[in-house]
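K.L.:
We have chain A; now place chain B with the ligands onto it with these hints.
Which chain is which? The protein sequence lines are A and B, in order.
33 is the number that UniProt numbering gives to position 33 of the first sequence; each next residue is one higher, with no gaps.
219 is the number that UniProt numbering gives to position 219 of the second sequence; each next residue is one higher, with no gaps.
Hints in this document: simulated from the structure, not taken from any laboratory.
This one's a predicted model, so the numbers in the text were calculated from it and none came from an experiment.
Be aware that a few hints might be false.
As the list claims (entries may be wrong) - For each label pair, taking beta carbons as the anchor points, the in silico distance ranges come out as: (1) A:GLY125 x B:SER133: 35 to 41 Å; (2) A:ALA116 x B:MET21: 26 to 32 Å; (3) B:GLN147 x A:ALA74: 41 to 47 Å; (4) B:GLY49 x A:TYR140: 38 to 44 Å; (5) A:TYR251 x B:SER133: 38 to 44 Å; (6) B:SER133 x A:PHE177: 42 to 48 Å; (7) B:THR190 x A:ILE130: 50 to 56 Å; (8) B:ARG128 x A:ILE154: 50 to 56 Å; (9) B:ALA148 x A:ILE297: 40 to 46 Å.
Note that CB positions come from ideal geometry on N, CA and C, so glycine has one too.
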Amino acid sequence: MWQYFLKRVFWSIVTIFVIIIVNFVLIKLVPGDPVHAMIGDFPAPQDYIDQLRRDFGLDQPLHVQLWLYLGNLAQGNFGFSFANRQPVLDLILGRTVNTLILILPAIVFSAIIGIALSLAAASRGGGFDITVSAITLFGYSIPVFWLGQVLVLIFAIVLGVLPTSGMYSLRAPQSGFGAFLDLLRHMVLPLACIMAFKIAVFSRTARASILGVLNSDFVMTARAKGLSRGYTLWRHVLPNAVIPVIAVFGYQFGHALTSSLLVETVFAWPGVGQLFVTAVGQRDFPVLQGILLLSTILVVVANVLADLLYTIVDPRIRRSLGARHA
Amino acid sequence: MTSPQAKPLVEISDLHLSYTMQRATIQASRGASLTIAPGEAVGLVGESGSGKSTLARALLGLNDPKSTRIDSGSIFVDGTDVTRFGERDWRVLRGSSLSMVFQDPLSFLNPVMRIDRQIVEAIPKSMRAEGVSERVDDLLRLVKLPQAARRSYPHELSGGMRQRVLLAMALASKPKLLVADEPTTALDVTTQAEIMDLLGELRQRLGMAMLLISHDLGLVSKACERIYVMYAGRTVEWGPGSSILKTPAHPYTKGLFDSARALRLPNGLFATIGGDVPNLAHKIEGCPFRMRCPLAMPKCTTMSPATQVLGQDGHWVRCWAAQDSGIAPAQGNDVKNA
Ligand SMILES: Nc1ncnc2c1ncn2[C@@H]1O[C@H](COP(=O)(O)OP(=O)(O)OP(=O)(O)O)[C@@H](O)[C@H]1O
Ligand SMILES: [Mg+2]
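Next comes chain A alone, as it looks inside the complex (with noise of 0.2 Å):
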């Protein structure tokens, strides 16, 4: 098993590595001067330009400038933002993490309402059922950009019960409980913006396999025992459906990722996904390359964590990668 993992791992850095090279190439296509590609369109001092060239050897070979390259970013040099006065590296860490805050809890949240609303909708069947497809059906048609606006017109607008935009209000405590408290007011309209949606694809998902379950023979003898529908539910379906659940999450961090570009720029959330899109507008190029490459280590890091616990929740799996890579 833990061969399979190092055979994961190994693939992924691979990944990672070919992102590298594409980021690499990028520059090199960028039309004009590499070194201006390098910078952004903001006036850089000329000597940051001299030392650029002499880090990259730009009259070297290509494959001298590949390795200087990635010597630089072994080192965490991924450049400096002119647009925002910052080494490119501190800059999309602190936005990454703003942008994690928002997506981890949505994923996890969506993911275990996703699972009760449609274990929920097999257990009442009827009524029950078709609001829960009702409610799918919703959170997957409906715009991000669209519910965003309404959110903030009902909730900050009319009521003034949640705050419009940003993370922090200027007013609210600098730490303790209190600063705490007014991050989660300022979390709840686009959580609920990213988590319309994933629910949605949860529930979906969910309803799926909780319905392939139901029809499992095993279910007939939990049945045959004299077990309540509910315990069956609840110890029999609930753990075998998760599991193809479990499967999507990788995929669904990457989505999530994502929809923060449309979700941050709505509420001015200050993630990647709000200063990839400023970025984008002011031609940073460093930034761009830097949230590329961070964004996919961290979905490839997510898609191995997520087989990670495919393996610890279904123990089939457990036992056959045990048993082929012993």
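P.N.:
Below, chain B with the ligands alone, put in the same frame as chain A:
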């Protein structure tokens, strides 16, 4: 043990049951009747699709209530008619009087739950006083499973061991009746024999009744006191195993015997029952076996055969052609050549 006077544990009378599907309604039971006395071993045989599992599931209320309807007939268990039972009533009955083991022990076990937990669940609340773990020990010993199997997952066990796990779960409630639906079909020959021996031994020890379902007449006649033969959703012949074995009266039963013995006909072909089981989505006038029957006569097309008794030992048959137990010897049943 078989005394017809004893109040039956199970009495199914002229059961008609149908499955409703999107396109068709399948009448899977069309007049099935069966009784089981307390402690008795009863066999149920018939080709694939004849409705054996349907009947067994109906007896435990395990058919999906959404798509299954009992059209007529009755099922009495311990003197109570269960045809109108709701899921709640069934649960009580399944947790106490009735248990079932199934054909494919792997798919009938939860793949992500350890064996001991699955057995524990089957122990009724009322029997947990003496300690759950001890009870699991007892059950494992009863079905001759090693203690090491406790912490295993189903996929880690052999087919025979899995069937023993199903048995342990079924026995956990000390049932009065164990329904075994083709319990050895998925196993290799040696393991089959082991499981059959175990079933016989357990039945003796626990004094429970058993309904053994199989398409293997030989296997059933060894393990059971009485045998029911089922065709197209109805029971067509039943009686003491020895009597059915010696003097099968229904042409279908004879066909089953001949194909079981792989009887070679004079023309060198193996005897099989030609033709197919009729489509249970369609209504059938008269005798459902007449299309494949070597003895079919005009009456069979129009009139459903009456049930008639053969001799004194409770041997019954539903066939126009079977006049008495000494019916004409089996002719070649190879309808393909007829
Ligand atoms: N859940 C169900 N829904 C719809 N039709 C069913 C269902 N279960 C069985 N049937 C149909 O009912 C008929 C009888 O099936 P059943 O499984 O009772 O036969 P069987 O004698 O047990 O056969 P086998 O030896 O293959 O197990 C078949 O035509 C089958 O297709
Ligand atoms: Mg069957």
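K.L.:
Sort out which numbered hints this structure fails and list those numbers smallest first.
P.N.:
The structure conflicts with hint 3 only, although it agrees with all the remaining ones.
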